[in-house]
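As you go down the protein sequences, you meet chains S and L in turn.
FYI, the numbering used here numbers position 80 of the first sequence as 80, with every residue one higher than the one before it.
Remember, the numbering used here sits 1000 above the position in the second sequence when you count from 1.
One or more hints might be untrue.
Computed footprint of chain L on chain S, listed as stretches where at least three residues anywhere in the stretch have a Cβ under 8 Å from a Cβ of chain L [as the list claims (entries may be wrong)]:
1. 16-27
2. 36-45
3. 75-85
4. 111-118
Worth flagging that the hints you see were computed from the coordinates, not collected in a lab.
Glycine included, C-beta positions come from ideal geometry on N, C-alpha and C.
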Amino acid sequence: MQPLPSPPGRLRAFGRRYAVGILLVLGFGLARLPFERGLARERVANSVNSVALDLSVRERVTQNEFIAALGGFRSLVADLLWIEALTDWERVEYGKMNLKFGTVTTLVPHNVMFWDMAGWHMAYNASVAVMEDPKEPKIAVRKKRQREYFVLGRDYIEHGIKNNPQSATLYHMLGEIEQRKFEDHLAASAAYEKASECPHAMTYEKRDAAYELAKVPGREREAWQRLRALYDMGPQERLPTLETDLRDLEEKLQLPPEQRVYKPR
Amino acid sequence: MPAAVESPSATPLARKVKHRFFSPARVWALATNTLTELVRLKVFYFLLIFALLQIGSSLLFVRFTFQGQFQMLKDTSLGAMSIFTSMLAILATANLLPKDVEDRTLYTILAKPVPRFEYLTGKLLGVFLLLLISILVMGAMFAVVLWWRVHVVAGEILSGGEPPDAVNQNLSELYASAYDPALWAGGLIIYTKAALLASLTLFVSTFATSSIFTISVSVAGVFIGQLLGTARDYWQTTGTLAPNSLLDVAFFKPVVLIFPDLQAFNLVEEIIAGAHVAPWLVAKTIGLGVTYVLVYLFAGYFMFAKREI
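Next comes chain S alone, as it looks inside the complex:
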């Protein structure tokens, strides 16, 4: 029968076991670091790497929210701030709302909905509110502030596109802001065209791109070619606006009858 080890011997065996346990964890730590760095790089390459939290975020959220964000619950903090921002909207406090939108989009930059809604609120709601601000008697100042909100709205959408380059929703919103707020039809057409190239794009994006191009002086022939191509795709594309634009462009370009869809009377 093997004798029991003496107390110092038992202690040594015990210490050896502890050392092996700790060395195993440290050794695994060394081995996993290159893998984790590689994984982080792949996340960046796959555009799913969250932006690191910095002190600027800390200044804009409460301590609890910052801790929650650090604890891996950014989406929840973002939702909470979003709800607060909508309360600011109801109180017509667009400055505060803008600050919160900035924090929300920093926390969750790959959430398209937040960029889309932030851009829409700034370009549509805030811009209208400052134009109707009874506290500001000067129309020129109101218009200046309105334009600032248009630009702010567009900035949100453009930043959103940088973070989500495959989002048809954001390209469409950019097109709408360029079309309706800046009346830059060429830029609007380019944005709708980009939207049509994104995955899960709506079928109307290509039509919208052509409609906007038709409004750009000097681009009538190109617009007609695009509208004609859509017309030739079949009855599902022959909507009233498309037919009207096509007819107007044929008149404007003085096309020979054999090229026209609508023959002159």
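With chain S held as given, fit chain L onto it using these hints.
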């Protein structure tokens, strides 16, 4: 002539049963017993809170657009799943060894030919089963609430009096924003993270002297794990932490090597946001989590193997 008498050594009772070094059956028995013990502690009551949270949040977000509603419902549900499973993993595991010592169950088990590695594996597997049941039930509750909200919103769209084209488009947008198959991958990552935290907690409890110590270190591990990447970037970009400086060698590197980098598991947030996450990225993250579990289990065994109980 008398009948031949069979040798007593040949009877089944007397046949010597060979003891196997590792027996899945013993591990399973320990795991199911651990699960039963945990269930008797009424840990599943937290599911009631989860259910209330689900119903409350789904009603709170009614005033938003349906994209906003579903986004926030997903954020709240998966966020709550992550919080509950992480808490459950740490709290349930931290108490396993101290409770067995207190109840003297540990002596009864280890007096039998049950290796300590099997004991630890069985205990951990029991917690994994508990986490699996929890996440499946929470997932089912989430699916029911999501289906209910989709049903309500679809009814509103259909009765809105819009032209058929607009109705079809709205319905397709509704289904696209509500149902995302990638959410299953999110659930899997949440489970892996919880399993990792359970194994980290078990590792700490093999050398800890109290449950409070185990829980404190494990919760600190969660925060450190979430902060590691950010802290490293901040210190390196601001020059506060020069490579191989005293601070780097004596403090930062040991912390990085010991604690898991949990930022890798934040992939869930991107999945909720609807970002396209490549399947191999999900697979690698889960693989990393499984490796963490195995390493902490083996390290825990080395700590526990010769421990005086």
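Now the hints, each set against the structure:
Taking a C-beta to C-beta cut-off of 8 Å, the segment 16-27 of chain S contributes 8 residues in contact with chain L, enough for the three needed, and the coverage statement holds. Counting residues of the segment 36-45 of chain S whose C-beta lies closer than 8 Å to any C-beta of chain L gives 5; at least three are required, and the coverage claim holds. Taking a C-beta to C-beta cut-off of 8 Å, the segment 75-85 of chain S contributes 5 residues in contact with chain L, enough for the three needed, and the coverage statement holds. Check result for the segment 111-118 of chain S against chain L: holds, 4 residues qualifying (beta carbon to beta carbon below 8 Å, three or more required).
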